[in-house]
Structure formats: structure tokens, C-alpha cells
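Peer 1: Listed here are the chains, written in short residue letters.
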Amino acid sequence: MPGIVSRLAGKPRLQPILRKFVDSLHQRVAEMRAVEERADYRQIANFAHWLKGSAGSMGYDAFWKPAKDLETAANAADGVAVKQLLDEVRRMADAVVAPDVQQSVA
Amino acid sequence: MPTNMNQPFESNKPLAGGGPAMRGVDNALVMMVEDEQSLIDLTREFLAEAGYRRFVSTSDASDAIAMLLRERPDVLLLDIKMPRVSGLDILAAMQADPVLKHIPAIVLTSADDAETKLAALELGASDFLRKPVDPIELALRLRNTLAANAHKEAIRKAFSRYVSPRLTDKIIGEVANDSAPFKSEAERADIVVLYADLRGFAEIGEKVGVQVVVQMLNEYFTVLTDAAYQHDGTVFNMAGESMLIGFNVPLPQPDALARAVRTARDVIANFAPVSAAWRKRYGVLTGVGIGMSRGEAIIGNVGSRHFMSYTAIGDTVSTAARLMELARANEVLMSGALYEPVRSLMPGDRVQRAGRFALRGTSEPVEVYSITLA
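Quick note, the sequences are listed as chains X and W, same order.
According to this note's numbering, the first sequence holds residues 715 to 820 in order.
According to this note's numbering, the second sequence holds residues 10 to 383 in order.
Note that these hints are calculated values from the structure, not bench results.
Treat the hints with care, as some may be off.
With a straight-line Cα cutoff of 30 Å, these simulated DSSO-like cross-link-like pairs (lysine-lysine) come out [stated by the list, open to error]:
1. X/Lys797 to W/Lys90
2. X/Lys779 to X/Lys797
3. W/Lys161 to X/Lys779
4. X/Lys782 to W/Lys90
5. W/Lys126 to X/Lys782
6. X/Lys779 to W/Lys126
What you are looking at is a predicted structure, and each value in this text was computed from that prediction instead of being measured.
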């Protein structure tokens, strides 16, 4: 999967905020392993709701659609769709490129 | 630390929501309640780029109401889905507060169901934006919300010269429904008039300095306006030591007479301790004399292009003025037409015949009754 770059990455003032978000994204995605194992669909829906609003706001627009679908699937307790969409979100999270101050200055 | 104050604030806060009208939209104080700190940080940066540099926030929704009361922002940006306290809870609490309900709230949420949107709007939200929010759209919506609120506050400020805050809110609601009171053209209306005057004050003017006289009159008029506003009366006129208050105007009040009687009772009761203090300090006996009447009057803006006043004119007002002149300290006089309806509002022995007097608009002297207020 090609790297996913924020459309806001070119703004130096926003880069610390984006990096903080990316750290938070990785942390929350990792937490979803245990949540998925115990089939806690409410927690998964909350995560998807957060991702839907936050990722898009941070300029990672690609997350919006899978996050929306994941929230719908989790609310419907659709285990198969939840697993598929969580896997997709994990792959996307691994592909996220955190903004680099030196990169943008150059 | 969930609470974040990025800018210092003035100690002398303007009235809630009244800020933009007084200090300009660009200097508005924006408050954000959002459980995701990175979204708060991002929004603060977006708004700073758009020229909004006064920003406070909290990521702890349970702190929101205290912060609103403390900071009295010009506009609130509010998330809906938050742990412990939701944005809808905050909107409901704001609606229940006489100060906070005037602060416009723009909802920013990831929720895309119609129920959430309708619930937020039902609870008084001014606008609704779905996340991810386009920063340009946010800045424009913010500007429009602040401008609309500044306009509303200017109207509120103008109305508050005449009527209570509660009635002002109702009037603004009526204006929004296109049934505007305070019409530019005068009209005839059935009203209840209460005319109050201060007895025994002339002696004081000779004993004390100008500053003290003004201070005493302020105390007296505060008692009158507080009582009038408590019962949603409209203050038409304040001159010398008298005040003209109307009921059933500018909006209908089916219980207008009861409101007027309660206002008279509050005026006399609440002025008693003021009068006692003046007696102790200056050795003078004072009290309020009140005349009350009900009937048709011309209501409207009267004056010239240089000076105009929203007022009531006609025989009903003149009758109340004449009864006010006749009333002794702590006495309420009314014309015979009010006898039966007022008697039904209080025990009969408190409404007594005071005599027959000549009043304007009547060829024969008319019965006048006195109300004893316990």
C-alpha cells in the first residue's frame, strides 16, 4: 500500500499536531486487537466514530469511508464485516506517513 | 490537564453573547468543548489563521458549564459524542441558564444521523457542522453566527430599556416569527396601567446634596423596575419621581391585571425597608403612591426625529396619573371599573371604597377604591 500523507502536512504549524494524532492513531489501532478478540462492538463503534471525525480533520481523508463502514458494521454487530474493515484500517494505519519538519522545510 | 486557556482574558467580562456587538467580531472569544485534544489544537490553529486569536477550550466535557459561566464566550464550538457528559447534555444545561442560553453554539460532530442533528437544533444549537470540518467553512459559519448574534444582542439591548429580560427574549422570538411587537405605527390596545410616585421626597432634596438625591432616586427606581420586570411589565416612562408601567403590552398578557396588582404589592413591600433606612438617616417619611387603571390606550413610538419614546397615551393613562396624585404613601387607588376584577384577586376587605373623585374623561365624579396590600 502506498504511503498515506496528510493534505495538511505541508503546514509547519500543524505538523506537531499531526504527529500527535498519528501516535494516537497507532495506539488506538493496537488497542483494537484486544477489543476485537472480546467482540466488544460498542468499543469498536466508538473507535470508528473517533477515526471518522479525527482522521479526516487531520487531512487523512482516506480513512473516512472505511471508518464510517466500520462504525455501521460494529453497531450492527456484524463480526465478519468488522474483522474485514479493522484489517483494512490496520493496513492503512501502517501506511500513514507522519509529517517531518525537515522534509517540509526542504 | 483538560482545560486550556491560550490567551489572557479581561477581568471585566461583557454580558454573555453581547461581546461581538461591543468589541467587534474579530476579537470574539471562541470556546471549544471536544474530547479529542488534537482536534482542539487543530481548530485553534485554523481559527488563528482566520483571525480568531482568543480561544479557550476543554477536553473534559464535565468542566464545560463551569467554563462557560466563567469565560462567557461569544460562541461555543461543541462536540456531541463525549464520555460522561454529551454535547446534548451541555446544550440542555445552557438552555436552562438565563445567561448561557444566549451564547450561540455551533455543533461539530462525526454523527451523521438526522436524529442527532435535530436534537441539537431542538436544544438551541445555532449551527451544525459534520466532521471532518472544512476550516474555511468553519471560519465562515463562525463569522455569520457571530454577526447574527451581535445583531440580536443589539436588539436585545434596545428592548431591555423598556421591558424585562424575560419579555425581551419573548419579543425577539416573536420578531423571528414575523409578528413583531414595538411596531413603527402606533395602535390602540387594551392595557393595564400602573403609575407610581414617591411621596415625601421633596423635603429630602432640601436636606441632602445632589449626589445623595441621585443615589436615593436610583434606589427607589431600582425597586420599581425590579418589581415591574419581575412581573413582565413594560416601563414606558420615568420622570421626576414617577414611573409609568404598562401590562398586556407589547405582548398580550391574559393575567395583566393580576400582574399589575402583584407589581404594586412588591413595590410597596420592597420599598418599605428603603423608606425605613431613609427615615433613620434623614428623618423623613416617604412612601409610594400608586394609581391603577385599565382601558384603551394608544401605544407607539411618539416624538420627533430627534427624540422618540415608546409610550402609552390616552384617558386610561391620565386616569392612572390622577389616581396616583390622589394616593397617599403606600396606597393603591383604582377606578371603579377595576373593583370587581381586583376583588376576585384578593380578599374583599382589602379593597375598600375611597370616595368619589373627578377624573379626566368623565363628566361626573367616579367611585375610587383603595387596595390595602398586606
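Peer 1: Starting from X/Lys779, check that the Cα of X/Lys797 is at most 30 Å away, please.
Peer 2: holds (15 Å)
Peer 1: Would you check the hint for X/Lys779 and W/Lys126, treating anything up to 30 Å between C-alpha atoms as holding?
Peer 2: OK: X/Lys779 and W/Lys126 at ~20 Å, within 30 Å.
Peer 1: For the pair supplied as a hint, W/Lys161 and X/Lys779, confirm whether the alpha-carbon distance does not exceed 30 Å.
Peer 2: Given pair W/Lys161, X/Lys779 is violated - Cα atoms ~40 Å apart, limit 30 Å.
Peer 1: Need the status of pair X/Lys797, W/Lys90: alpha-carbon distance at most 30 Å?
Peer 2: Satisfied, since the Cα-Cα distance of roughly 24 Å is no more than 30 Å.
Peer 1: Does W/Lys90 lie within 30 Å of X/Lys782 when you go C-alpha to C-alpha?
Peer 2: holds (15 Å)
Peer 1: Take the C-alpha atoms of W/Lys126 and X/Lys782, compute the straight-line distance between them, and say whether it is at most 30 Å.
Peer 2: Holds, at roughly 17 Å.
Hint compliance for this structure: hint 3 is the single one not met.
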